[in-house]
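Q: Residue numbers (our numbering), protein chains in the order written: chain A, 1 to 350; chain B, 1 to 337; chain C, 1 to 363.
For the record, the hints were derived by calculation from the structure and aren't laboratory data. Don't take every hint at face value.
As a list, the in silico DSSO-like pairs of lysine-lysine whose alpha-carbon atoms are at most 27 Å apart [claimed, not checked]:
(1) C:K114 x C:K154
(2) C:K114 x B:K252
(3) C:K150 x B:K77
(4) B:K77 x C:K154
(5) A:K128 x A:K146
(6) A:K147 x A:K128
(7) C:K103 x C:K114
(8) C:K154 x C:K103
Some chain A residues well away from chain C (every beta-carbon gap over 10 Å; in silico) [as the list claims (entries may be wrong)]:
(9) A33
(10) R74
(11) R106
(12) A132
(13) P274
Ideal Cβ placement from N, Cα and C applies to all residues, glycine included.
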Amino acid sequence: MTAPLREPASGGAEQDTTLVSVEGLVKHFPIRAGLFRRQVGAVQAVDGVNFSVRQKETFSIVGESGCGKSTTARLLTRLLEPTEGTITLEGRDITHLKDTALRPLRREMQMIFQDPYSSLNPRHTVGKIVGAPYRLQHVSPPGGVKKSVQELLEAVGLNPEHYNRYPHEFSGGQRQRIGIARTLALRPRLIVADEPVSALDVSIQAQVINLLEDLQEEFDLTYVIIAHDLSVVRYVSDRVAVMYLGKIVELADADALYSAPMHPYTVALMSAVPVADTRRRDERERIRLSGDVPSPINPPPACRFHTRCWKAQEICRIEEPPLAELVSGHRVACHFPENLPSEVAGAAAR
Amino acid sequence: MFAYIVRRLLWAVILLFLLSVVTFSIFYLVPRWAGASPETLAARYVGRSATAETVHVTAERLGFYDPVVVQYWNWVKGIFVGKEFDYGSGVEQCPAPCLGYSFITRQPVWPELLDRAPVTVSLVIGASLIWLVAGVTVGVISALRRGTVFDRGTMGVSLAGVSLPIFFTGLVSLSFFSYRLGITAPGGQFVPFSENPAMWAYSLLLPWITLAFLFSAQYARLTRAGMLETMTEDYIRTARAKGLPERTVVFKHGLRGALTPVLTIFGLDVGLLLGGAVLTEKTFSLNGLGKYGYDAIITGDLPKILGVTLVAGFFVIMANLIVDLLYGAIDPRVRLG
Amino acid sequence: MTSTALRDVTRRQPGQERQPFLEVLDLHVHFPTDDGLVKSVDGLSFSVERGRTLGIVGESGSGKSVTSLAIMGLHYRRASERSRPGARLGGEILLDGEDLLSKSPEYVRSLRGKRMAMIFQDPLSAMNPYYTVGRQIIEAYQIHNEVNAKVARKHAVDMLGRVGIPEPSHRIDSYPHQFSGGMRQRAMIAMALSCDPELLIADEPTTALDVTVQAQILDLIRDLQREFNSSVILITHDLGVVAELADDVLVMYAGRAAEYGSADQLFNRPAHPYTWGLLGSVPRFDRPQDERLLAIPGSPPSLIHVPPGCPFHPRCAYAARNEGRSEESRPELTPIEPGHFVACHLSPTDRAQIWADEIAPRL
């Protein structure tokens, strides 16, 4: 069974522009112990996450280790199955689809991984790696697989004549480009990138970031990017979600988030980032969080951040703040958010 | 941790049970496939000049006409409470654990196993300690002197050690050291430890060294590989950065990491050998479990085979359990269960 | 470069006569391999004053880690490696006036942990997983101090407390894998500082850590430096970390110094095109950025076949202005303002013009 390559989508104004959305997404990993391996607890990796991603936007999820962002990325592409909640791709509910039903949908969404050294099969040539999606999905592009592969290699800035080389003959940055070429083979709508540039040198990072930008234009791509480098995230993103212990604590347009972060965790996160500017060394207000992130096996009740928050009050221990849109386009889950515009502060105060 | 041990012990019991079922079934089925009838089997117990009637009666008394499940059940019961065999001419007591009667000697199998066990245990304990010390020492030195004549030499010799069969090295060393030079005991001279410790060691010296040669080759290679890998670990660099003398870096930090897999394999090897170092025992005429099993196979003495199999299985299962527990004890990152 | 000229570099402050605590002069570290001679460090000079922090910035293959290992004396050939050729070191490494490269390995070993100590990037793999943290710290302490076990243990508990580990008398008996990433790094810092060394080398100490934890660790290093008055060499690829912590900065490329000066000079008046590239490659965190990132084309060079002349010239957008000098002759560190050196053939006029027109507006 062969099918022609899809053309990039052209959205009409009346169409819903949401490409993928998740609602109430939960993923718990069971912990078994005892004589009969009964489940005694669970790692609550993702615990009630809602967001939607619009076509052609770049949506980023940031957070520190254990916040659940990588798990969310894998849930989105259905490499994992959610414990609860729904995932909708182009209007279709893909939450519990089985492998056979999922396979055609995998043409629409692809993933880029963090480690360029382990995400390419060292025994396959570059041509075979980039051409694999065609074979797996029984697609035959016009002009043949080899021609398409060479076009893709060119699109990502590699020499098409390196078709027969092996991954170990390339540098880290080039390998990441190969991985990107592979994801583009079937012209997906959505690309989920899990830390796409963290393993690369700074000067190579910039090359790959520029490349991703160009490709987004050329191929009408929608990106969901998982990252921990806040500078990179600001640069590439349209909207950003901040995760902490399995929940989204803030979700806003990139510029709004960075210029006026509202959740105390976001504020602390921002103040911790070292900036390449010596003048700002003394003038920045520093917030240093004490201690470590609590375990996702036993997260704190109500607001999960209250154990480390300098603004925590009684209500934070009792009632979990909902992710509310206090300012247009800017959602935050906090009883006492920072940087509230004054007219909203009056209304939100309890 | 406690739950883990209990779970493993339960599994061990289940495994032994399964082992006994499989072995018993084979014991039951194989003669049938070979065309034997209950009479043919019983005939092996009564001697050449027995009448057909004696044979028939014996067969009945030994339960050969019963369905296999019943036979198995009786056999299992025998292990726990013992059995009585009524030959007509008298009643034989087979005390618990009763593993049946040898076809050939018509003696209960279990006492014979008990008799043989110390030989095998002596052989294995002695040889294993020798090969562990020798193998690890050579392996460590080879790793530290990698690429030198010593390293290449020992690895070459160890290749020979791993490739040459024990009956070859055993017979050659017997003929040379025992018969030609007369410095070691000739075959078949086992003296129990309780009787005379010095003679015990002397009688086992050549078998120990020969068996150890085979295994120390393996352990030298294993230790060498483990050392080479451990010495490239980051924490070795940290140890040096602290200003520790190289000796401490190698032995306290390097060896510790390299030894973990060596010790676990050691446990498994010992377990396996205890079940019957057949070739070594046969070569040196030592009346251990291995030779017992070998003789049983040659003569087709099924109850003996069954007995040895169960004992060997027991040793292997126990060795596996001990090794797993040991791993949990020596590597703090491993959390059992 | 002559010795006098080198010392112009290492004794940077005008009028400074006293000796810096660490002085590296024309360091070479070459590794013979089957594929050729890898010139990891190829003529490097810099210094670190007492109580000051030097940030060494570079990407993979720049030679920054190899330099730190050379200072610590960890390139000497051990008995176990005699069958293969070892590293070849040249130049001088002066620690408090003594040239470590001319001393015996035994002598340098006695200094390791005691006068100079090092912490590494990944604290999980850098600590022995089979021994408790306490035992490893005690070991570090006892090798240089003749004390009994009880005293050593008390000292270890003290150190753990000083680096901010809660309940140190309990945690001292924990294994490395039982700590979180940040706590583990603190424990490693405690181990390194247990003998109160005068020089601490931190090789990418926070790269493997979360951002908030990174901030805690950097604060800790800064506080401990003040408390112990030690010199710190901070090796990193993160310019933000350098701006936070370093007094002076050395930018390395292909085993050599590209630029060397105070942090203020480097961030506000950078002079080397590679430094411009690094600063332009990192997106701005503190303001929105519409311009494209200034990516440096190409990849870092092979250290076996280092490009002739200036090693950066194949990737440099401005090499053409030097009329072939960049391809032919190796640029040496020359001062462009007191205490600020750059190894580049661009003329001061060209450099100023490029800076004003192209670089400064984008940064």
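Q: Now tell me if each hint is right for this structure.
A: The hints, checked one at a time:
no. : hint            : result
1   : C:K114 x C:K154 : holds, 18 Å
2   : C:K114 x B:K252 : holds, 20 Å
3   : C:K150 x B:K77  : violated, 60 Å
4   : B:K77 x C:K154  : violated, 62 Å
5   : A:K128 x A:K146 : holds, 9 Å
6   : A:K147 x A:K128 : holds, 12 Å
7   : C:K103 x C:K114 : holds, 16 Å
8   : C:K154 x C:K103 : violated, 34 Å
9   : A33             : holds, 18 Å
10  : R74             : holds, 20 Å
11  : R106            : holds, 31 Å
12  : A132            : holds, 26 Å
13  : P274            : violated, 3 Å
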